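A.B. asks: Could you build all of it, start to finish, from the sequences and the hints given here?
4 protein chains.
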Amino acid sequence: MLKRVDVRFLKQPEEVGLEKPVFIEGLPGIGHVGKLVADHLVKELKAEKVVEIYSHHFPPQVMVNEDGTIRLPKNEVYAYKSKGDSPDLLILVGDFQSMNGEGHFELVNAYIEVAKKFGAVRIYTLGGYGVGKLVEEPYVIGAANSLKLVEELKSYGVRIERGEPSGGIIGASGLLLGVSQLEGIEAACLMGVTSGYMVDPKSAKAVLEVLMKMLNLKVSVEALDERAKEMERLIAQIKEMQEAAMQQWKSDEDLRYFR
Amino acid sequence: MLKRVDVRFLKQPEEVGLEKPVFIEGLPGIGHVGKLVADHLVKELKAEKVVEIYSHHFPPQVMVNEDGTIRLPKNEVYAYKSKGDSPDLLILVGDFQSMNGEGHFELVNAYIEVAKKFGAVRIYTLGGYGVGKLVEEPYVIGAANSLKLVEELKSYGVRIERGEPSGGIIGASGLLLGVSQLEGIEAACLMGVTSGYMVDPKSAKAVLEVLMKMLNLKVSVEALDERAKEMERLIAQIKEMQEAAMQQWKSDEDLRYFR
Amino acid sequence: MLKRVDVRFLKQPEEVGLEKPVFIEGLPGIGHVGKLVADHLVKELKAEKVVEIYSHHFPPQVMVNEDGTIRLPKNEVYAYKSKGDSPDLLILVGDFQSMNGEGHFELVNAYIEVAKKFGAVRIYTLGGYGVGKLVEEPYVIGAANSLKLVEELKSYGVRIERGEPSGGIIGASGLLLGVSQLEGIEAACLMGVTSGYMVDPKSAKAVLEVLMKMLNLKVSVEALDERAKEMERLIAQIKEMQEAAMQQWKSDEDLRYFR
Amino acid sequence: MLKRVDVRFLKQPEEVGLEKPVFIEGLPGIGHVGKLVADHLVKELKAEKVVEIYSHHFPPQVMVNEDGTIRLPKNEVYAYKSKGDSPDLLILVGDFQSMNGEGHFELVNAYIEVAKKFGAVRIYTLGGYGVGKLVEEPYVIGAANSLKLVEELKSYGVRIERGEPSGGIIGASGLLLGVSQLEGIEAACLMGVTSGYMVDPKSAKAVLEVLMKMLNLKVSVEALDERAKEMERLIAQIKEMQEAAMQQWKSDEDLRYFR
Numbered sequence: 001m002l003k004r005v006d007v008r009f010l011k012q013p014e015e016v017g018l019e020k021p022v023f024i025e026g027l028p029g030i031g032h033v034g035k036l037v038a039d040h041l042v043k044e045l046k047a048e049k050v051v052e053i054y055s056h057h058f059p060p061q062v063m064v065n066e067d068g069t070i071r072l073p074k075n076e077v078y079a080y081k082s083k084g085d086s087p088d089l090l091i092l093v094g095d096f097q098s099m100n101g102e103g104h105f106e107l108v109n110a111y112i113e114v115a116k117k118f119g120a121v122r123i124y125t126l127g128g129y130g131v132g133k134l135v136e137e138p139y140v141i142g143a144a145n146s147l148k149l150v151e152e153l154k155s156y157g158v159r160i161e162r163g164e165p166s167g168g169i170i171g172a173s174g175l176l177l178g179v180s181q182l183e184g185i186e187a188a189c190l191m192g193v194t195s196g197y198m199v200d201p202k203s204a205k206a207v208l209e210v211l212m213k214m215l216n217l218k219v220s221v222e223a224l225d226e227r228a229k230e231m232e233r234l235i236a237q238i239k240e241m242q243e244a245a246m247q248q249w250k251s252d253e254d255l256r257y258f259r
Numbered sequence: 001m002l003k004r005v006d007v008r009f010l011k012q013p014e015e016v017g018l019e020k021p022v023f024i025e026g027l028p029g030i031g032h033v034g035k036l037v038a039d040h041l042v043k044e045l046k047a048e049k050v051v052e053i054y055s056h057h058f059p060p061q062v063m064v065n066e067d068g069t070i071r072l073p074k075n076e077v078y079a080y081k082s083k084g085d086s087p088d089l090l091i092l093v094g095d096f097q098s099m100n101g102e103g104h105f106e107l108v109n110a111y112i113e114v115a116k117k118f119g120a121v122r123i124y125t126l127g128g129y130g131v132g133k134l135v136e137e138p139y140v141i142g143a144a145n146s147l148k149l150v151e152e153l154k155s156y157g158v159r160i161e162r163g164e165p166s167g168g169i170i171g172a173s174g175l176l177l178g179v180s181q182l183e184g185i186e187a188a189c190l191m192g193v194t195s196g197y198m199v200d201p202k203s204a205k206a207v208l209e210v211l212m213k214m215l216n217l218k219v220s221v222e223a224l225d226e227r228a229k230e231m232e233r234l235i236a237q238i239k240e241m242q243e244a245a246m247q248q249w250k251s252d253e254d255l256r257y258f259r
Numbered sequence: 001m002l003k004r005v006d007v008r009f010l011k012q013p014e015e016v017g018l019e020k021p022v023f024i025e026g027l028p029g030i031g032h033v034g035k036l037v038a039d040h041l042v043k044e045l046k047a048e049k050v051v052e053i054y055s056h057h058f059p060p061q062v063m064v065n066e067d068g069t070i071r072l073p074k075n076e077v078y079a080y081k082s083k084g085d086s087p088d089l090l091i092l093v094g095d096f097q098s099m100n101g102e103g104h105f106e107l108v109n110a111y112i113e114v115a116k117k118f119g120a121v122r123i124y125t126l127g128g129y130g131v132g133k134l135v136e137e138p139y140v141i142g143a144a145n146s147l148k149l150v151e152e153l154k155s156y157g158v159r160i161e162r163g164e165p166s167g168g169i170i171g172a173s174g175l176l177l178g179v180s181q182l183e184g185i186e187a188a189c190l191m192g193v194t195s196g197y198m199v200d201p202k203s204a205k206a207v208l209e210v211l212m213k214m215l216n217l218k219v220s221v222e223a224l225d226e227r228a229k230e231m232e233r234l235i236a237q238i239k240e241m242q243e244a245a246m247q248q249w250k251s252d253e254d255l256r257y258f259r
Numbered sequence: 001m002l003k004r005v006d007v008r009f010l011k012q013p014e015e016v017g018l019e020k021p022v023f024i025e026g027l028p029g030i031g032h033v034g035k036l037v038a039d040h041l042v043k044e045l046k047a048e049k050v051v052e053i054y055s056h057h058f059p060p061q062v063m064v065n066e067d068g069t070i071r072l073p074k075n076e077v078y079a080y081k082s083k084g085d086s087p088d089l090l091i092l093v094g095d096f097q098s099m100n101g102e103g104h105f106e107l108v109n110a111y112i113e114v115a116k117k118f119g120a121v122r123i124y125t126l127g128g129y130g131v132g133k134l135v136e137e138p139y140v141i142g143a144a145n146s147l148k149l150v151e152e153l154k155s156y157g158v159r160i161e162r163g164e165p166s167g168g169i170i171g172a173s174g175l176l177l178g179v180s181q182l183e184g185i186e187a188a189c190l191m192g193v194t195s196g197y198m199v200d201p202k203s204a205k206a207v208l209e210v211l212m213k214m215l216n217l218k219v220s221v222e223a224l225d226e227r228a229k230e231m232e233r234l235i236a237q238i239k240e241m242q243e244a245a246m247q248q249w250k251s252d253e254d255l256r257y258f259r
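Residue numbers (our numbering), protein chains in the order written: chain A, 1 to 259; chain B, 1 to 259; chain C, 1 to 259; chain D, 1 to 259.
Among the hints, erroneous ones may be present.
As the list claims (entries may be wrong) - Listing some non-contacts, in silico: residues in chain B with all C-beta distances to chain C over 12 Å:
| id | residue |
| --- | --- |
| 1 | Ser98 |
| 2 | Phe105 |
| 3 | Lys148 |
| 4 | Gln237 |
| 5 | Ser251 |
Claimed, not checked - Heads up, simulated EDC-like pairs for lysine to aspartate or glutamate below, C-alpha to C-alpha not over 16 Å straight-line:
| id | chain 1 | residue 1 | chain 2 | residue 2 |
| --- | --- | --- | --- | --- |
| 6 | A | Lys154 | B | Glu66 |
| 7 | A | Lys116 | A | Glu222 |
| 8 | B | Lys117 | B | Glu14 |
| 9 | D | Lys148 | A | Glu19 |
| 10 | D | Lys3 | C | Glu106 |
| 11 | B | Lys154 | B | Glu164 |
| 12 | D | Lys3 | C | Asp67 |
| 13 | C | Lys74 | B | Asp88 |
| 14 | C | Lys154 | D | Asp67 |
| 15 | B | Lys81 | B | Glu136 |
| 16 | B | Lys148 | C | Glu66 |
| 17 | B | Lys3 | A | Glu106 |
| 18 | C | Lys148 | D | Glu164 |
| 19 | D | Lys3 | C | Glu113 |
| 20 | A | Lys3 | D | Glu183 |
| 21 | B | Lys239 | B | Glu136 |
| 22 | B | Lys154 | C | Glu152 |
| 23 | B | Lys3 | A | Glu19 |
| 24 | B | Lys83 | B | Glu136 |
| 25 | C | Lys83 | C | Glu44 |
| 26 | C | Lys154 | C | Glu102 |
| 27 | C | Lys148 | D | Asp67 |
| 28 | A | Lys3 | D | Glu102 |
| 29 | A | Lys74 | D | Glu102 |
| 30 | B | Lys148 | C | Asp67 |
| 31 | D | Lys3 | C | Glu183 |
Note that these hints are calculated values from the structure, not bench results. Just so it is clear, the structure is predicted and the values come from calculations on it, not from any experiment. Backbone N, C-alpha and C define an ideal beta-carbon position, used for all residues, glycine too.
C.D. replies: Now the structure itself:
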């Protein structure tokens with residue numbers, strides 16, 4: 001039996017023993033910026049999976065793995081017990097967000113319940129801020145659920161742009177800030193500026209760098225760098241092809257003159 | 001945890017101490033007429049916020065304020081303790097109406113529960129009546145959930161047009177009348193005639209003036225006047241630009257003759 | 001407070017004192033055939049309203065009456081205590097059917113609950129069967145939830161067409177048959193053949209005539225006849241206008257020849 | 001009263017007395033491949049209906065039978081008590097899958113509950129894998145909810161294609177694998193490759209043949225063969241008509257030359 005929102009603890013919070021963890025959300029969204037950062041953190045920190053979340057609000061299907069096995073769409077929470085000066089972490093990653101409006105609220109309720117059970121003291125949500133054109137030098141804009149935290153974001157170089165994103169922050173990244181505001185938990189959203197047209201590891205790297213500063217945490221960014229370079233080669237190829245096509249079209253136009 | 005419809009009392013009704021208040025609804029809708037009037041009243045009367053309503057039926061997002069802080073979509077009820085001959089007031093304002101049909105009914109149930117807890121004796125809902133063309137001299141049409149109240153509306157100059165709006169009154173403004181009819185609470189809807197194409201402070205002013213008469217209440221209309229003038233300047237500009245474009249097009253047509 | 005499906009008894013079944021009533025459904029649908037018949041019966045028989053049904057599955061609005069008062073969308077059940085040889089009747093009429101799939105099932109559950117509380121022994125659902133072209137001589141096709149009842153329909157001149165309507169019987173008219181089949185209540189659907197393009201009182205009359213025979217009931221059909229004649233005048237007018245337009249177009253075509 | 005998901009046992013599991021049955025799902029889907037196989041098995045094995053499942057998630061209608069009787073959309077589970085070396089079977093067939101995402105999850109919960117009540121030890125789901133072009137020699141691809149079962153599929157000639165279907169397995173065929181994975185029940189999906197454009201008995205036969213080997217079961221495939229031949233005649237006819245139309249079009253083109 002799968003419940004409407006089905007939160008399954010693989011380990012109890014007291015077993016995991018995190019101390020005042022920071023909760024980080026990186027689910028799929030614009031440019032997959034948040035997802036790239038959160039997945040990267042889980043991998044680099046070798047964080048341990050502690051919660052699985054299934055839901056009737058995810059697509060009614062299974063995905064097929066390379067080896068022919070299948071898996072249900074799910075969200076997962078990973079725990080990282082800090083070895084240094086950085087705080088302990090809980091990292092929320094996953095395949096999908098809710099397929100419908102009400103589901104977003106129900107899932108965010110579940111995320112916050114998990115955060116509270118682990119004693120989380122702060123929430124960072126990660127996402128992309130789509131600007132509809134290629135971004136050469138991505139930067140990070142932010143928003144938070146308290147003015148104090150807005151100021152803190154600024155001190156780390158996060159830009160606060162008057163009322164931006166003007167369309168609001170949609171989905172889990174936004175609602176986590178809103179609902180935790182009512183619960184008295186500090187929460188901020190970091191958004192990497194991105195075209196919004198494709199997966200953007202370069203923007204993800206910009207977000208990761210801010211996040212590392214804020215968390216006093218050091219992880220390798222190599223894997224993201226690698227993917228960013230790949231992406232740039234791909235974009236260069238596309239541009240070249242477009243230019244070639246344009247040239248061809250122009251010479252056709254010229255020829256038309258003589259027909 | 002945010003409930004499906006989440007009504008949060010900031011002050012208990014007995015603390016607020018309203019006597020037989022009139023409940024006024026002004027949520028977003030056609031020409032934002034109702035919202036303009038209700039927001040204006042809250043501001044001019046310096047009414048006090050007493051209830052916040054959150055819901056899974058609002059869009060799954062947060063809005064970003066100018067200072068970088070965020071807020072959840074919500075509806076709010078303000079209380080005004082009368083100093084003169086006008087009745088005490090409860091004023092319902094907010095960011096959104098429900099995104100789906102069932103949500104409208106659930107939210108209206110909540111609004112009426114609030115009204116009853118405060119002992120409201122009458123409900124006025126405010127809205128726009130879109131006619132699809134610019135309206136030079138906006139007037140106010142009405143409907144009510146009892147014939148006695150229809151007659152009362154007429155005595156204040158509100159027009160009753162046979163079966164209008166023919167498409168019915170949609171959303172909270174309509175359902176509040178319908179559900180309170182079953183509950184035995186008198187309720188009327190005041191609709192400012194408007195084009196329906198843009199925010200219409202002039203139509204809002206017409207509604208406000210009727211409402212003030214009905215409530216025996218006096219507030220400054222200056223702010224609405226200001227916005228109405230701004231809007232008219234804007235419309236004049238648009239008209240001018242359209243005429244210029246038309247002229248240009250005509251002279252192009254003339255020239256075409258010589259080609 | 002309006003419940004998701006809100007059934008309100010104006011009179012208790014024992015007060016009304018029907019004996020083994022037949023339950024007749026005539027809600028809006030194809031050609032409004034069922035609605036025309038059921039509304040007509042309520043009026044001619046001066047049946048008494050005994051139940052009102054409100055629902056979150058109806059459109060979130062109120063309708064405005066001619067006199068400026070409003071009313072919530074609702075379904076109603078009327079009771080008719082027979083004076084002659086016909087059975088007692090319960091007649092379900094209303095403004096709307098459900099706006100969504102699940103709502104249809106929830107409402108039909110409520111209708112059947114009402115039918116059972118009044119001790120109904122049989123259900124007739126009325127509707128139109130759209131054939132996509134004008135129908136000169138409408139007839140009635142039928143379906144039922146038992147073979148015995150199918151045979152009975154045939155004996156009253158109702159046509160049974162192999163597997164028709166091939167798309168099934170949609171909405172309350174169909175589901176009432178299906179759910180009552182599981183409850184062991186006999187139920188049949190009478191469908192007047194109609195174009196499906198407009199309200200069709202002629203088709204309604206055909207259904208009414210069959211129904212009267214089946215119920216051993218006699219009511220005036222004058223009002224339906226009147227509306228049918230009106231409709232025919234309207235159709236004749238439309239045809240004339242179409243022909244005139246066609247002539248005009250042809251003569252324009254001819255003139256074009258000389259240009 | 002019909003419940004949202006309404007599971008009705010016609011016989012209790014202990015009455016039926018199946019021993020460690022295999023549960024087979026064949027609901028409507030791509031090319032109706034799964035449905036064709038499961039319906040065929042029910043017929044050939046003269047399996048006994050033991051469960052009916054109704055739901056608010058099916059279309060709000062009834063279907064009309066040839067004889068004028070009606071039936072509600074439903075799913076059914078049939079039981080087959082083996083006489084030989086094959087395992088006992090439970091076979092899920094039906095008219096529809098859920099009309100909405102959440103309904104898929106609720107129905108799959110019900111299917112698994114039924115499977116567990118009968119003590120099912122394994123689940124096979126059957127479907128089609130649409131490739132968007134005519135398939136001359138259909139074969140069967142598979143996926144499973146454990147690596148061990150994937151290997152077993154391979155040993156029966158089922159192809160495992162890396163991560164295919166890349167869009168996942170949608171609906172009951174997929175979710176049954178996913179949810180039973182969490183419940184610790186082994187489950188595999190067999191998909192007959194098909195165009196996806198029409199009902200495909202040839203692809204169904206390919207799936208049936210694999211399934212028979214896996215179940216150590218022998219049933220006649222004649223009926224499917226018959227339908228496959230019919231289908232091929234139909235496709236040949238369509239091709240011929242297309243070619244004729246093409247010829248006609250070409251000769252029209254040629255004539256145009258002379259006009």
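A.B. asks: Next, verify each hint and record whether it holds.
C.D. replies: Tested hints:
no.	hint	in the structure
1	Ser98	violated, 7 Å
2	Phe105	violated, 4 Å
3	Lys148	violated, 10 Å
4	Gln237	holds, 36 Å
5	Ser251	holds, 29 Å
6	Lys154/A <-> Glu66/B	holds, 14 Å
7	Lys116/A <-> Glu222/A	violated, 33 Å
8	Lys117/B <-> Glu14/B	holds, 9 Å
9	Lys148/D <-> Glu19/A	violated, 40 Å
10	Lys3/D <-> Glu106/C	holds, 9 Å
11	Lys154/B <-> Glu164/B	holds, 15 Å
12	Lys3/D <-> Asp67/C	violated, 42 Å
13	Lys74/C <-> Asp88/B	violated, 34 Å
14	Lys154/C <-> Asp67/D	holds, 11 Å
15	Lys81/B <-> Glu136/B	violated, 36 Å
16	Lys148/B <-> Glu66/C	holds, 15 Å
17	Lys3/B <-> Glu106/A	holds, 9 Å
18	Lys148/C <-> Glu164/D	violated, 51 Å
19	Lys3/D <-> Glu113/C	holds, 13 Å
20	Lys3/A <-> Glu183/D	holds, 13 Å
21	Lys239/B <-> Glu136/B	holds, 14 Å
22	Lys154/B <-> Glu152/C	violated, 57 Å
23	Lys3/B <-> Glu19/A	violated, 29 Å
24	Lys83/B <-> Glu136/B	violated, 36 Å
25	Lys83/C <-> Glu44/C	holds, 14 Å
26	Lys154/C <-> Glu102/C	violated, 33 Å
27	Lys148/C <-> Asp67/D	holds, 11 Å
28	Lys3/A <-> Glu102/D	holds, 11 Å
29	Lys74/A <-> Glu102/D	holds, 15 Å
30	Lys148/B <-> Asp67/C	holds, 11 Å
31	Lys3/D <-> Glu183/C	holds, 13 Å
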